[in-house]
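Asks: What follows is each chain in one-letter form.
Number of protein chains: 2
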Amino acid sequence: MPSENIILIPFKELKEMLLGILKKHGFSEIKAKKLAEVFSRSSLDGIYSHGVNRFSRFIHTVKMGYVEKDQEPTLIYSFGVMEQWNGNRAPGILNALSMMDRAIESAKRSGIGCIGLRNTNHWMRGGTYGWQAAEKGMIGICFTNTKPNMVPWGGSEVRIGNNPLIIAIPRKKGHVVLDMALSQFSFGKIQEYALKHQQLPFPGGLDEQGNLTRNPEIILKNEKTIPIGFWKGSGLSFVLDLLAALISGGDSSSTIAGFADEYGLSQVFVAIQPGFLTDQERDHLIDEAVNYVKTVSGFSEGEGTYYPGEKTRKTRDLNLKRGIPVNTDIWEEIKKL
Amino acid sequence: MPSENIILIPFKELKEMLLGILKKHGFSEIKAKKLAEVFSRSSLDGIYSHGVNRFSRFIHTVKMGYVEKDQEPTLIYSFGVMEQWNGNRAPGILNALSMMDRAIESAKRSGIGCIGLRNTNHWMRGGTYGWQAAEKGMIGICFTNTKPNMVPWGGSEVRIGNNPLIIAIPRKKGHVVLDMALSQFSFGKIQEYALKHQQLPFPGGLDEQGNLTRNPEIILKNEKTIPIGFWKGSGLSFVLDLLAALISGGDSSSTIAGFADEYGLSQVFVAIQPGFLTDQERDHLIDEAVNYVKTVSGFSEGEGTYYPGEKTRKTRDLNLKRGIPVNTDIWEEIKKL
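Just so you know, the sequences run in chain order A and B.
Residue 95 is where the first sequence starts when you use our numbering, and the numbers rise one by one after that.
Residue 95 is where the second sequence starts when you use our numbering, and the numbers rise one by one after that.
Calculated from the structure, these hints are not laboratory results.
Computed from a predicted structure; not experimentally measured.
Warning: the hint list may mix true and false statements.
Derived pair list, reagent style SDA-like, types lysine to any residue, alpha-carbon separation capped at 25 Å [claimed, not checked]:
| no. | chain 1 | residue 1 | chain 2 | residue 2 |
| --- | --- | --- | --- | --- |
| 1 | A | K157 | A | K290 |
| 2 | A | K388 | B | Y386 |
| 3 | B | K290 | A | W325 |
| 4 | A | K290 | B | F324 |
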């Protein structure tokens with residue numbers, strides 16, 4: 095986030111602002127509160143692109159009817175520790191929060207809960223539901239499919255989704271939370287490089303001729319991003335999409351490609367008891383692994399190593415103190431909603 | 095596999111050969127049969143590096159006592175659909191086969207089975223256990239940690255494992271089986287480029303100065319490979335290692351780093367009912383997704399797209415007909431075992 099045109103807004107103030115807008119647009123008090131909390135927390139944690147910066151677009155999808163603000167998810171089938179739910183195109187955040195809660199309850203009873211959710215909407219920041227599980231002392235794994243936005247390896251057209259994958263592991267000294275889309279660079283990151291007129295450090299997409307390029311303007315124009323690890327991320331994206339569609343009984347990216355906007359997604363929420371170790375043993379094991387990786391000699395160009403979730407916590411603490419940086423144009427736009 | 099110095103050996107003959115050697119080295123008939131089958135099938139499927147090419151090394155680890163040929167895995171704890179097993183350093187292949195069987199049985203009863211296996215040995219080709227689940231009509235997910243063999247993003251020393259991840263989805267027209275280590279290139283692949291005196295198509299490791307390099311000789315010398323997607327694969331490797339260690343109650347890569355060889359690994363085996371769709375609906379959904387990705391326009395350099403597992407089946411069919419290509423030096427070495 096560039097430092098010019100930024101105002102710092104206290105977390106509480108931001109949440110109150112979003113709450114008011116959501117209620118104005120017809121959300122019930124309880125739903126509006128949950129949504130305002132998640133949007134604000136995502137920005138608090140530094141995930142601006144899926145926090146405040148996406149709020150206007152969310153309101154737009156409600157107005158367009160892609161998001162059905164009064165719908166609730168309904169249980170279709172269950173078998174053992176698995177459940178299949180229809181999201182009924184309710185707000186993706188609310189659906190996801192309740193599905194991870196269901197998974198956690200099942201994990202308490204049976205070690206694992208696995209919920210397939212079909213016909214839902216964008217869950218915004220996937221990490222939200224990983225942190226949710228970790229805060230309850232559970233391993234949380236979730237992933238979503240998306241509309242196609244990457245080229246499969248060997249092809250030159252967009253056919254697979256960047257299908258974010260979240261893996262969260264609870265720990266007293268700070269949860270380990272991996273929250274990653276399968277594209278090498280997010281569109282937000284590519285935009286940052288374009289604004290600075292810099293090349294990406296590694297290829298991030300294809301040009302008109304189908305060649306790999308580091309040029310952010312070209313990638314933004316063609317909207318052809320590439321997966322992490324080229325052929326490897328391409329395969330991983332494909333199987334995560336299939337898992338999401340099968341376990342939820344919902345649509346795969348190949349069908350979502352034909353929708354008017356990115357809705358009707360398929361998602362999976364898994365909660366797992368974090369093994370059979372005591373809390374102390376578990377924290378000891380994770381601490382050792384973290385220390386081992388963090389004591390590595392620095393990369394010549396680099397700034398040291400971080401465990402997944404570490405920077406998030408640092409940003410959260412900083413933003414709680416100083417306020418959340420919000421682009422003034424975005425803030426003005428939100429105030430008009 | 096280079097075409098010079100290759101003999102083609104029929105599948106059955108190869109299996110008989112390995113069976114005899116295993117029995118000669120003290121394996122019971124039943125264990126020797128399973129091991130010979132898996133080693134031979136891996137080469138049949140084109141995964142030569144973890145099939146016949148690794149057989150001599152396997153016998154070596156038995157002789158060294160890293161692999162305890164007469165041990166069996168023992169159940170430590172179970173809770174709901176989760177089980178924790180001690181592998182007792184029995185042959186990794188045999189441990190893995192029985193763990194995936196346990197997971198499948200649990201999934202039949204409860205939708206999912208999740209087995210943590212600690213203190214086991216190299217499972218050779220991870221895909222074996224994915225195909226095993228898919229053949230039984232189950233989704234199979236498994237992963238293993240390894241000794242550290244990659245540099246974490248931001249560091250210049252080896253600290254994380256390439257932790258192969260397998261995701262298998264059953265389908266009548268051909269199972270979808272992703273079997274990938276998290277390194278951008280395997281050592282086997284890097285060796286191929288070194289033999290041809292060619293640069294890798296993308297950076298595959300670090301040089302002495304800690305800079306990314308495409309030079310295969312330098313990577314083989316330094317043994318510093320890099321993860322897929324740089325920072326992303328680095329994080330994914332780290333969390334898979336933690337999941338394996340926690341769910342199995344076993345060691346993480348940070349501890350395995352101190353062992354005399356790569357043994358005492360932690361692994362996770364998950365079997366999942368493939369959703370609530372009928373077999374027909376499921377096959378239809380997967381076929382549509384496969385067709386969508388396969389009808390993409392060709393990449394300028396490329397040869398079209400493949401779904402994970404597609405090339406494996408083609409190689410299997412070819413090798414069944416013509417025989418399995420085995421390097422003559424390797425074959426001579428095996429005959430002397």
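Asks: Looking back at the hints listed earlier, which ones does the structure fail to meet?
Replies: 1 and 2
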